[in-house]
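Two independent chains are provided; combine them into the complex using the hints.
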Amino acid sequence: MNPELKTNLKAIWGRAYVRVVGANREPSWIVSETVLPVLAVAAYVYVYRALNPDPLFTSLVILGGAMSAYWMNILWSMAMQFYWEKEMGNLDLYMIAPISRMSILLGMAAGGFFFATLRAIAIFVLGIILFQAEFVVTSVWKLFLLFFLSMFALYGMGMLFSSIFMLFGRGAWQTSTLFQEPIYLLGGFYYPVKTLGAAVAALGSLLPITLGLDGMRQLTLKSGKTLGFLSVETEILILVGMSVVFLLAAYYSLLFMERLGKKEGKLSLRWQ
Amino acid sequence: MSYAVQTKELTRTFKVKKTKKEGASEVVALKGVNITVETGELFGLLGPNGAGKTTLIKILSTLLLPTSGLALVDGLDVARLAPEVRKRINMVSGGEHSGYGILSVRENLWMFSQFYGVDNDIAYQRIDRMIEVLGLSEFKKTKIGKLSSGMRQKMNLIRGFVTDPKILFLDEPTLGLDVQISRDVRKYIKSWVKNNPEKTILLTTHYMAEADELCDRVAIIDQGKVIACDTPSNLKRLLRQEAVFHIEVNLSMENLDRFSGIKGVKNFAYEHKHHVGKTELKFILESDAAISQVTDVLRQDGTRIISLSKTEPSLEDVFVALVGKGLENES
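For the record, the sequence lines run as chains F and R.
Going left to right, the first sequence walks through residues 1 to 272 as my numbering numbers them.
Going left to right, the second sequence walks through residues 1001 to 1331 as my numbering numbers them.
Do not rely on the hints blindly, as some may be mistaken.
[What the hints assert, rightly or not] Some chain R residues close to chain F (C-beta under 7 Å, calculated; not the full set):
1) L1064
2) T1067
3) M1111
[Said to hold, decoys possible] Estimated spans, in silico, between C-beta atoms of each pair:
4) R/G1324 with F/E87: 57 to 65 Å
5) F/F144 with R/D1128: 41 to 49 Å
6) F/S223 with R/D1119: 51 to 59 Å
7) F/I128 with R/D1077: 55 to 63 Å
8) F/V244 with R/E1084: 27 to 35 Å
9) F/V244 with R/V1179: 51 to 59 Å
10) F/I128 with R/G1101: 32 to 40 Å
Because the hints were derived from the structure by calculation, they are not lab data.
Yeah, the Cβ is synthetic: ideal placement off N, Cα and C, and Gly gets one too.
Next up, chain R with everything else stripped away, as it sits in the complex (with noise of 0.2 Å):
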């Protein structure tokens, strides 16, 4: 069976140039990725920045060589056939600044179209719909250098459509977007696909609400290594047997490590909430029980717990139960 991507024991490796302190050394940004992605799927990839995700994004448009392993797009290797490849894809990046400001946002369309060879008149028609649908008619004959980055982040993911592509990557696509302009981002991607079903996105994501929201399936990344994929209900069912629970303090927290040996502690991460004085902590928990040790630990340094409640497990729960970390607390 072909599939619209494949990777098999993809790698990737980055050399680090020597500085006066240190030698030259490697970054491993992708270890032995295996992943498929079926025509007509809507794929999420999620994990934290530097987890390895715009790496396989890069990989996967011919933008960089995998150090070893093999990735397919639509059947064809990307290493050797690139060209065919880029036929078949297109791809658009969170917070890029693509485009020339002296140019409003049709001609930008209109010029990146022309790199697919897209008829004049089918680029216009299909330009002008998609500016209507996400809302940016009034800026159409604006200068792009003039747009908000949300309307310009609009822009780009019109650009990634408007060649209609059979596969199409998006790395971050609502990155930095207000809730409003990721809203109607997601929308149009939901709607994409439900009226194209031939058609296949790969998305990269650290927004475990819109990965749960939208994808398909989702493979979660960190590391440089796929850890599950899966759907994201089955994802969730991963925990079923656990308890997922969700504490605010009235802290910045110090000294994390004393709910590493609370028994029953399977796993924890935290946020930090420095504008509001709160920290957030999630545990997963073998069970009910083990959350009056954790509340004891708490109340004997004086730590005044805000809220506590016991929650249905979420990707990102999935994410703390795996990775054993938040993505907000990477290090």
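If we strip away everything but chain F, and leave its shape as in the complex, we get (with noise of 0.2 Å):
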């Protein structure tokens, strides 16, 4: 094998393994990030069930539930990550081994596919027991290739956001935090994104979660069809468009950024 490939390869898997352990080492994460997003979609199953009988509404606020795992990973764990590797000292060190910076993001994102989908199905499993909520797959390979193509799309955003917010100082924790709320509305997490008319769901599908929830919910849901924004074979074009521009966005965002901090001396925290 090629000596670069391999390095490459091995940093991948080295920074991946720091996730894939976490999920072992620290089961407080079953409490904070499984039981409290359940007690969240408990909320949105009781609001439904008061309001309309149909247990439609139940398994999609649970699907909903399951995904935001995701882009919660996606806020915290990847676009703030090259941040939190600088507070710690880590990023000076990534930045002079000798890998391609996106074999760290490729580590981290896989890692971190790997933690969220500990996640999401946990809260997918507990929203299934607790709430018997009822879903029907429709066609397995769309919803294989939908489901993957919103990751590899979603994580692509994730690691241009982690090249963006790497040169960012305390900043980059609030600008987070900004965008917790407005994508957790956005994203139709918790209901049709259609029900948000044409344009607001248009804009929300610039996130590529929107699009493999909303296509999700299609292809498992019983009279899921209805629920539609664009028809599942639109999103899964939409999302391969998505993959390859984030992706593509990443790795050149981060060789400017990268310039940038070397030229402005922002990649580390001790410069003298």
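Structure below.
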């Protein structure tokens, strides 16, 4: 194997390992990142049950709650990560290593995806057990394709944010906080995004998870088609485009930000 | 001839943001620095905090771009050939908190080795050997969040060596460590260089004794400029004509300017030892005769001399003679 490729693959695994191991070693996440989101899910379930006895809405909310694990992972563990790495002193060490910086981001993404998937499964299973939600998959391959494409695009976007946030100071934290609630609104985590109207739903669809979730609901819920904003096929095509654009944008943004950081002395905390 | 490290007129400035009170300004961290480090050397960069040592290390390790001038590592321009430079180097900084608290010492070291493509077997062999040599064996499965700062710095040091770099940058590697751990670290650095004559270390420190003990050659840097560069013994020979006196007095000295006017005083520095209520004065005198005038000035204001000794010049005395201040009194 090409030695550079081998080194980069090792780097991806090395960085992913932290999060893979973290999932086992810090069981406290089960409470903070599974039980608490299930409470939010429960609140929406009871609101829907009070207003509309259609069990479709229970399933819709549970799917949204499970997928929110990925968004939280992107916001706090991908976008913010390079900022935190800088604070810890790890960023210097990544930057002097003879690897593509994309390997570090890919390692973070792979580990983060693994960790978020455990959370998502836990929320999903708990939701089904507690609220007897029903799911009927109409096309397994479309569901897989849609899910993985939305993950590629979403983590590509996370990598892009990470490179941008790399040079932020404390503003990174505030920016992430700023993103959290509006995206809960625009992403349609707890209701069909279609209800926001075409213009706002289109704006929300700039987030890959909005389209992914919308499509997954169409493919897994009884009469899910009636909830869809765009057809699943259209969403798949858009997500393919988003995956390519976000990954390329992350690559070039990282190069640019690294160069800028080296020029302005913002890659390190200590400079003299 | 290709050097392990070479800089030519290396300059780096930083822009300082505009504040309400003051406009934007520039800090010159390095001013036309010229140094050469030969392969196999343990080269020291000695200077006070803010002298520009870390800036130089950051440029050489490809973390910063020079504003002007040239920096070559193993003959490669760090600004243009950073990916090639990175294959040859590693860096360890004093007081760094790198790594992940959720991983053990051994796991963290393994993870960092992966960024250099070190095969697992080799990585674990090196890690286990170095962990043993540096006395970390009982902590190798400990999560690093539970380590003392000294133990953590030992781990950092292993991180630098585990990738077997051709050139290693050590930025204040013993900063804030206790005497015993500093000694262990210095011992390891010395043995690594001795056993690997083809490897080079560039070490920054503001501990004079450390530079004296470890380094083949030392560059003294102050306010971004290299003001002397030679072997420690040659640097000390610069003061062979002068007399070096150390005086301990019972007061926190004020009005130190009065010593500057004494005939025969070339330079002096002081260090307040608040915890014991003493001040230590170091004088570089043109000859022994000048000491009587120094003691007269001290007596005139009632200062009690606790001890007075003439000493062999140390690197610190060289620093005082060249810079006009000690490392402790930077302003």
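These are the hints, each one checked on the structure:
Given the 7 Å rule on beta carbons, the hint for R/L1064 holds: about 6 Å separates it from the nearest Cβ of chain F. Interface hint status for R/T1067: violated, as the beta-carbon distance to the closest one in chain F is roughly 9 Å, over 7 Å. Checking R/M1111 against chain F: minimum C-beta separation of about 4 Å stays under 7 Å; hint holds. Between R/G1324 and F/E87 the beta carbon distance is about 37 Å. The supplied range of 57 to 65 Å is therefore violated.
Evaluation of the 41 to 49 Å hint for F/F144 and R/D1128 yields a pass: the beta carbon distance comes to about 43 Å. Between F/S223 and R/D1119 the Cβ separation comes to about 56 Å, which falls inside the hinted range of 51 to 59 Å. Roughly 60 Å separates the CB atoms of F/I128 and R/D1077, a value that falls within the hinted 55 to 63 Å. Take F/V244 and R/E1084: their Cβ atoms lie about 30 Å apart, and the range 27 to 35 Å holds.
In this structure the hint that F/V244 and R/V1179 lie 51 to 59 Å apart at CB holds, the actual value being about 58 Å. Separated by about 34 Å at the C-beta atoms, F/I128 and R/G1101 satisfy the suggested range of 32 to 40 Å.
In the structure shown, a violation is registered for the earlier hints numbered 2 and 4, in ascending order.
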